[in-house]
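Protein chains in written order, with my numbering: chain A, 9 to 383; chain B, 9 to 383.
Rather than coming from a laboratory, the hints here were simulated on the basis of the structure.
For every residue, glycine included, the Cβ atom is placed at its ideal position computed from N, Cα and C.
You can trust all of the hints, since none of them are fake.
Derived pair list, reagent style DSS-like, types lysine-lysine, alpha-carbon separation capped at 25 Å: (1) K17(A) with K206(A); (2) K87(B) with K48(B); (3) K121(B) with K328(A); (4) K56(B) with K56(A); (5) K328(A) with K328(B); (6) K328(A) with K56(B); (7) K93(A) with K48(A); (8) K48(B) with K48(A); (9) K48(B) with K56(A).
Computed footprint of chain A on chain B, listed as stretches where at least three residues anywhere in the stretch have a Cβ under 8 Å from a Cβ of chain A: (10) 42 to 48; (11) 71 to 82; (12) 293 to 304; (13) 329 to 337.
There are 2 protein chains.
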Amino acid sequence: MFEFTVTAKNSRTRSGIFSTMHGDLVTPVFAPVGTQATVKTLTPEHLKDINASLVLSNTYHLYLRPGDELVRDMGGLHKFMQWHKPMLTDSGGFQVFSLSDTRKIDDDGVTFKSHIDGSMHRFTPEKSIAIQENLGADIIMAFDECSDPNDSAYSEIAMYRTHRWAERCLRAKTRRDQALFGIVQGGVNPTLREESAKFIAALDTPGIAIGGLSVGETKEEMHATLDVVMLLLPEDKPRYLMGVGTPEDIINGVARGIDIFDCVLPTRLARHHSAFAPEGRLNMMNATFARDEHPIDETCDCYTCRTFTRAYIRHLIIAKELLAGTLLSIHNLRALIRLMEGIRAYIADGSYESRVPELLSKWSNNAKRGMGNRE
Amino acid sequence: MFEFTVTAKNSRTRSGIFSTMHGDLVTPVFAPVGTQATVKTLTPEHLKDINASLVLSNTYHLYLRPGDELVRDMGGLHKFMQWHKPMLTDSGGFQVFSLSDTRKIDDDGVTFKSHIDGSMHRFTPEKSIAIQENLGADIIMAFDECSDPNDSAYSEIAMYRTHRWAERCLRAKTRRDQALFGIVQGGVNPTLREESAKFIAALDTPGIAIGGLSVGETKEEMHATLDVVMLLLPEDKPRYLMGVGTPEDIINGVARGIDIFDCVLPTRLARHHSAFAPEGRLNMMNATFARDEHPIDETCDCYTCRTFTRAYIRHLIIAKELLAGTLLSIHNLRALIRLMEGIRAYIADGSYESRVPELLSKWSNNAKRGMGNRE
Chain A
9 MFEFTVTAKN
19 SRTRSGIFST
29 MHGDLVTPVF
39 APVGTQATVK
49 TLTPEHLKDI
59 NASLVLSNTY
69 HLYLRPGDEL
79 VRDMGGLHKF
89 MQWHKPMLTD
99 SGGFQVFSLS
109 DTRKIDDDGV
119 TFKSHIDGSM
129 HRFTPEKSIA
139 IQENLGADII
149 MAFDECSDPN
159 DSAYSEIAMY
169 RTHRWAERCL
179 RAKTRRDQAL
189 FGIVQGGVNP
199 TLREESAKFI
209 AALDTPGIAI
219 GGLSVGETKE
229 EMHATLDVVM
239 LLLPEDKPRY
249 LMGVGTPEDI
259 INGVARGIDI
269 FDCVLPTRLA
279 RHHSAFAPEG
289 RLNMMNATFA
299 RDEHPIDETC
309 DCYTCRTFTR
319 AYIRHLIIAK
329 ELLAGTLLSI
339 HNLRALIRLM
349 EGIRAYIADG
359 SYESRVPELL
369 SKWSNNAKRG
379 MGNRE
Chain B
9 MFEFTVTAKN
19 SRTRSGIFST
29 MHGDLVTPVF
39 APVGTQATVK
49 TLTPEHLKDI
59 NASLVLSNTY
69 HLYLRPGDEL
79 VRDMGGLHKF
89 MQWHKPMLTD
99 SGGFQVFSLS
109 DTRKIDDDGV
119 TFKSHIDGSM
129 HRFTPEKSIA
139 IQENLGADII
149 MAFDECSDPN
159 DSAYSEIAMY
169 RTHRWAERCL
179 RAKTRRDQAL
189 FGIVQGGVNP
199 TLREESAKFI
209 AALDTPGIAI
219 GGLSVGETKE
229 EMHATLDVVM
239 LLLPEDKPRY
249 LMGVGTPEDI
259 INGVARGIDI
269 FDCVLPTRLA
279 RHHSAFAPEG
289 RLNMMNATFA
299 RDEHPIDETC
309 DCYTCRTFTR
319 AYIRHLIIAK
329 ELLAGTLLSI
339 HNLRALIRLM
349 EGIRAYIADG
359 SYESRVPELL
369 SKWSNNAKRG
379 MGNRE
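Looking at chain A on its own, in the form it has when it is part of the complex:
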């Protein structure tokens, strides 16, 4: 169970297979985010069509609504949302720290106010595991504390707490069909990150997550931190870079040996009418596209690009038709999943390292806004 087999390696970059109860994950992999047990505006059929293989859902949100015990009683998250491939849940920690106005952290756990109705709740490592066991994802996360990367003193406190909580999560865990990943913290301090990587690696969890990145640090700090951490992680465990990220972050992460990524970016951009395209990120609401008979991306194989013109998508946006969000989500997610498919092919033929500059140049275009984007 939870074997990770590296199938190809170019320098630090690797491709592999991680086995779960709901099938094999071929890495590097990008996970669409289904916060509330649904990848916003898409059916599971849409997700299959874009070749999604791993879906992430959020412990904090599902605990509050509809409740993890309800999900358990309905047969677990896979059955509830009808996604029968691998799933991952986070620990709830990140949302407690980012969404709740009022929260009180102590060494035992966190007391927080619901962002929905203001009711008070408490998460501990044991509670996070109990919730994640009720939800039943294939990959679950240790309860961690994500610190401000620029506050070194707080990062140290949060890191030690994260380590103690990881040990408690391991002890609390009862299900054997879920892979619990420990989480490396330590802000952007290389000494802390080194200590954290060694500590979490020693716990011998079936995979290791890197938390506390893409939360306000610079790109250089993120890369330097990954360079420190990755050297210390075992080769035979998948590495998950939590909440990351943009296409450029993914390309750079893969180059440093990351295997799993997740990000809300593709679906969030879709809700804001933005589309990944060869000429850069496009604001599809722009008048430029009113009579554009081309698909968003001529080279894309997604349902949206195979079927509809930019003119039609722009019309749907202007007319406030919800189908616009569905069509853009399909395209944006497929664009990132195609990127991962391309990356895996390059790793398989040994060319990934040499392709990085070309990939970065192609996608850096999408960090900036393309023609027609006036968000």
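Fit chain B to the supplied structure of chain A, relying on the hints for placement.
Coordinates of chain B only, in the frame set by chain A:
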């Protein structure tokens, strides 16, 4: 072109085939409404999956946004929205009268204010036909004036205007691949309706629409009006009851010889979290369904009912996830299309007339609200 072949007949009820450039329509048929060149929240794939055969779109809305000339330049409505089966457009008259605050009717046409930006526009019979030719639906409508059914004096003026406008529409029409239907008006006055039915029938259009019903009159008035009109319409032309209606209206309409129906009810109910179900119309937001592991309707073959529980749909609604609207639209539309499939089977085996009480009793349940409905 536009042949209508009656394939089965039970008393006044009939089943038939109407041939269009985009395929044959098997009647009686229910058309989902795609107001702005999209059936709200659904892809064309969803529409194919529920076995939709005719889609209606609105001339008034498409004229204002994105503009009929744009739709024409993009290859017409079928290509623009990627629906390659039969389509129908209304004349724009009904929306001009119902959506515009400010409108001035004269014998030549109507001047009105856009409900979107307040700009002034003018529709005449010739303009309505020009717009509908740009849109390119298979079935198009003569420009008509829909009167308050309870105002007999106004109904008479509106009826005569509708007749003169129908003649002008016929003269204005240039495309031969579109079937222009004349529209019978006359409120709920049997003398006016008789005169209108005779007049419109004499125009020898390839089909005839009945307008001005389901706009505030009683059910008895609707049925009495249909009884007068239907006797006077030719047997070899399809009859379209515009904007109707509820399942009960459809069952009663078929019993009186109606062939084509359209209504926003299924998708509008979906947006208000209501679902057609055997026990009556359900408000899926109700707490009753929080742990209900059954589909909306055990007997339904739609994607939603084959895949998801009531508990999951309720969760999506409570969590304000847009997928709820998509899943409920699929189910509600499929429920009406299944009703039509059943009706056609009963007509084919000669049992329709005898099944009407049973069908009405089954569906009257859905006029009322079922358990759990607190809209």
